[in-house]
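Asks: With the sequences and hints as input, model every part of the structure.
The primary structure of each chain is shown beneath.
Protein chains: 2
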Amino acid sequence: MTYGYVNSMRTRPGQRDEVVAILLEGVDGLRAAGCHLYAVGVVDDDPDLIRVSEIWESREHHDRSLQLPETKAAIARAMPMLTGEFASQEMTVVGGLGV
Amino acid sequence: MTYGYVNSMRTRPGQRDEVVAILLEGVDGLRAAGCHLYAVGVVDDDPDLIRVSEIWESREHHDRSLQLPETKAAIARAMPMLTGEFASQEMTVVGGLGV
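In order, the protein sequences belong to chains A and B.
Take the first sequence: its position 95, counting from 1, is numbered 95 in full-length UniProt numbering, and each next residue is one higher.
Take the second sequence: its position 98, counting from 1, is numbered 98 in full-length UniProt numbering, and each next residue is one higher.
Careful: at least some of the hints might be erroneous.
Estimated spans, in silico, between C-beta atoms of each pair [unchecked claim]: (1) A:Pro69 / B:Ala32: 35 to 45 angstroms; (2) A:Leu24 / B:Pro13: 37 to 47 angstroms; (3) A:Glu25 / B:Ala21: 33 to 43 angstroms; (4) A:Met79 / B:Ile22: 35 to 45 angstroms.
Simulated from the structure, these hints should not be mistaken for laboratory data.
Even glycine gets a Cβ: it sits at the ideal position worked out from N, Cα and C.
Replies: In structure tokens, the structure reads:
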């Protein structure tokens with residue numbers, strides 16, 4: 001059973017697209033780290049919000065990925081553009097399509 | 001750009017797994033309806049909650065799928081087992097892995 005994680009983050013006004021670009025830079029390394037899905041999204045009526053929907057081999061794979069040097073570097077670059085307002089939801093995926 | 005949808009629903013006590021089974025029954029028809037991902041999940045510390053993370057070709061494909069006879073029948077069967085507490089989040093997927 002895989003691990004699902006949905007994360008919302010709020011950027012400072014006008015900096016959403018820059019943060020999206022940082023999030024997308026690291027995508028190539030994610031598969032090797034045990035990531036099955038990493039969907040970065042924006043929201044029509046909230047121009048400073050980013051949502052990321054992720055599916056990982058396991059929670060441990062996800063947590064470990066946060067310790068990778070490239071992840072830490074990306075977080076450090078994005079952090080000044082974020083307000084600190086985060087929300088996340090976890091789940092254990094029990095089935096479906098494409099999982 | 002695809003459409004992402006994350007949906008949480010609360011079941012009446014003890015009925016989660018029955019609702020999960022209904023949600024998973026219809027999976028085969030989803031791809032033809034324009035669904036790329038349909039991940040049904042449960043949560044460790046909340047035994048009556050179900051989360052579904054979806055990615056669709058477009059919002060229109062998602063909305064249209066709700067009108068399919070098999071979807072309507074599944075909703076009708078699940079509804080008595082739900083409390084009516086729902087939460088959903090939408091996004092326009094701008095990139096990532098597996099999207």
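Asks: Confirm or reject each hint.
Replies: Outcome of the hint check:
no., hint, in the structure
1, A:Pro69 / B:Ala32: 35 to 45 angstroms, "holds (43 angstroms)"
2, A:Leu24 / B:Pro13: 37 to 47 angstroms, "holds (42 angstroms)"
3, A:Glu25 / B:Ala21: 33 to 43 angstroms, "holds (40 angstroms)"
4, A:Met79 / B:Ile22: 35 to 45 angstroms, "holds (42 angstroms)"
Going through the hint list in order, the structure satisfies each hint without exception.
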